[in-house]
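Peer 1: One letter stands for each residue in the lines below.
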Amino acid sequence: MSTTLLETPLVGWHAAHGGRMVDFAGWRMPVQYGSIVDEHLATRAAAGMFDVSHMGRLAVGGAAAIDWLESLLTRRVAGIEVGRARYTLVTGESGGRTVVLDDALVAREPDAADGTPRLSLVVNASNRPRVVDWLRSRLPATGVTFIDRTFETAMIAVQGPLAVGLVAELAAADDAARITALGPYRTTPARVAGAAATVSRTGYTGEDGVELVVEAAAAAPLWEAIMAAGGPRGLRSCGLGARDTLRLEAGMPLYGHELREESDPFAIGLGLAVDLDGRRFPGSERFARLKAEPAGRVRVGLRLDSKRSSREGDAVLLGERPVGVVTSGSFAPTLGTAVAMALVDRDVAAAGTAVDCLIRDTRQAARVTPLPFYRRHTRQGATAGAV
Amino acid sequence: MAADLKFAKTHEWVRPETTGVATVGISSYAVEALTDLVFMQLPAVGKRVKAGESLGEIESVKAVSDVYAPISGEIVEVNTALPGKLETLGQDPYGEGWLVRIKPDDPAELDRLLDRADYDKLVGSQPH
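Keeping their order, the protein sequence lines are chains G and C. Residue 1 is where the first sequence starts when you use the working numbering, and the numbers rise one by one after that. Residue 1 is where the second sequence starts when you use the working numbering, and the numbers rise one by one after that.
Some hints here could point you the wrong way.
Restricting the straight-line Cα-Cα distance to at most 30 Å, the calculated cross-link-like pairs of lysine-lysine (DSSO-like) are [said to hold, decoys possible]:
#1 C:9 <-> G:307
#2 C:121 <-> C:103
#3 G:307 <-> C:47
No wet-lab data here; the hints were simulated from the structure. Every value quoted in this text rests on a predicted model; they were computed, and no experiment measured them.
Given the sequences, and given the hints that come with them, work out the whole structure.
Peer 2: Set out below in structure tokens:
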């Protein structure tokens with residue numbers, strides 16, 4: 001194995017606990033500890049804990065920080081309140097055209113001591129270098145500080161019906177109440193198992209849960225504390241394999257698969273990540289045209305008649321006509337059947353449309369299915385997750 | 001486990017039967033490495049296979065893998081119960097978890113496969 005792979009502060013724990021380590025976007029990460037299906041189902045039934053420290057964590061501050069991000073992100077940042085997180089796209093310019101560089105979470109953290117705003121961006125590991133390069137190239141001479149904090153911090157996702165309670169239990173009384181009361185896409189500083197953490201009610205599994213960002217040195221003790229508290233109640237450590245099957249069931253796009261440089265966000269169901277109305281950001285004019293004149297293939301869910309999966313790149317056929325291409329596909333452990341996401345022609349996008357996926361020269365029947373494939377039961381009175 | 005098993009480097013095992021046919025399966029190492037098996041496709045009886053060619057495929061949650069014919073010959077029997085009960089592969093990979101029986105074209109091909117000790121050495125040296 002290459003020695004040049006990046007490692008998270010939890011790599012020793014993974015290796016000592018049976019993690020099968022793979023190269024993921026240049027990081028040595030666990031794809032699974034045992035069974036992906038068991039890890040997946042534990043997250044749905046109890047809780048799963050994921051090392052997501054490979055994700056890029058960028059800190060933006062200074063008096064002009066909000067105006068600067070407002071001019072660059074597809075989602076409105078102006079007026080964002082402290083403690084709010086928003087799902088956004090990061091667009092940039094490449095060879096004279098505008099492209100989608102990544103999708104990201106932007107959050108406003110508590111103001112600095114001097115009263116200036118502080119914001120954070122969480123970006124995909126695979127895109128971090130170019131997003132950092134792009135944003136640095138757009139920095140104004142004064143008024144904005146921009147730091148890549150990926151390597152000095154760690155990020156742990158705890159997801160599942162027991163997740164919020166477990167993390168709250170490990171927090172001091174005031175902090176525990178704040179964590180429990182945290183709404184979706186809200187974020188708060190809190191001390192968890194003794195570590196100063198930023199706790200966000202966010203995730204990538206379709207479950208309720210939180211993501212915690214801590215200093216790198218605090219990661220292993222925090223992970224161990226959550227494991228000790230949750231293990232007896234069914235919490236399991238989960239690798240990237242389960243992370244992928246969970247997000248697929250939840251109908252969440254993954255950059256490089258459903259979402260690409262040239263993507264039309266409205267066609268792939270990410271219109272919510274684009275605030276237009278008079279705003280200007282790289283690609284805003286192109287996006288306004290795409291919104292006004294819908295065209296091109298749209299993202300749909302496909303439910304297959306088998307446990308055999310259709311994988312990325314497989315053709316979708318209507319009779320003999322190629323009508324689309326699979327962008328992600330897997331056996332879905334919660335559903336007990338294979339599912340996929342695909343980009344298809346608009347005339348076959350209606351739910352219930354019968355198509356075939358061409359899997360290694362064999363046709364497999366599939367049906368267009370509304371996304372998400374899996375939706376958790378929310379308690380009465382719980383607020384729906386607004387992105 | 002019987003010592004008369006032979007192994008391919010691609011993790012299939014072969015057991016020559018007294019009836020002149022050879023039973024083929026996949027090793028416990030391969031089953032464990034794949035984990036989360038969800039689908040298996042086996043050939044039809046009567047199909048002719050050549051050593052090293054794909055005999056069928058086995059799919060885990062993560063990926064699809066080919067199963068290769070360790071010897072050349074004709075498929076004379078298929079474990080049709082296996083695709084519907086893939087857990088058998090984990091429970092009894094060298095018994096109930098067999099895949100196919102092949103009537104070998106050339107029994108000498110068996111001699112080119114690994115014996116148990118060499119196979120164990122091979123998988124013991126692979127990153128797991």
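Peer 1: With reference to the structure, classify each hint as holding or not holding.
Peer 2: Right, here's what the structure says about each hint:
1. For the given pair, residue 9 of chain C sits about 28 Å from residue 307 of chain G by alpha-carbon distance, which is consistent with the 30 Å threshold.
2. Between residue 121 of chain C and residue 103 of chain C the CA atoms are separated by roughly 29 Å; this keeps the pair inside 30 Å, and the hint holds.
3. At roughly 25 Å between alpha-carbon atoms, residue 307 of chain G and residue 47 of chain C fall within 30 Å of each other, so this suggested pair holds.
Of the numbered hints stated above, none is contradicted by the structure.
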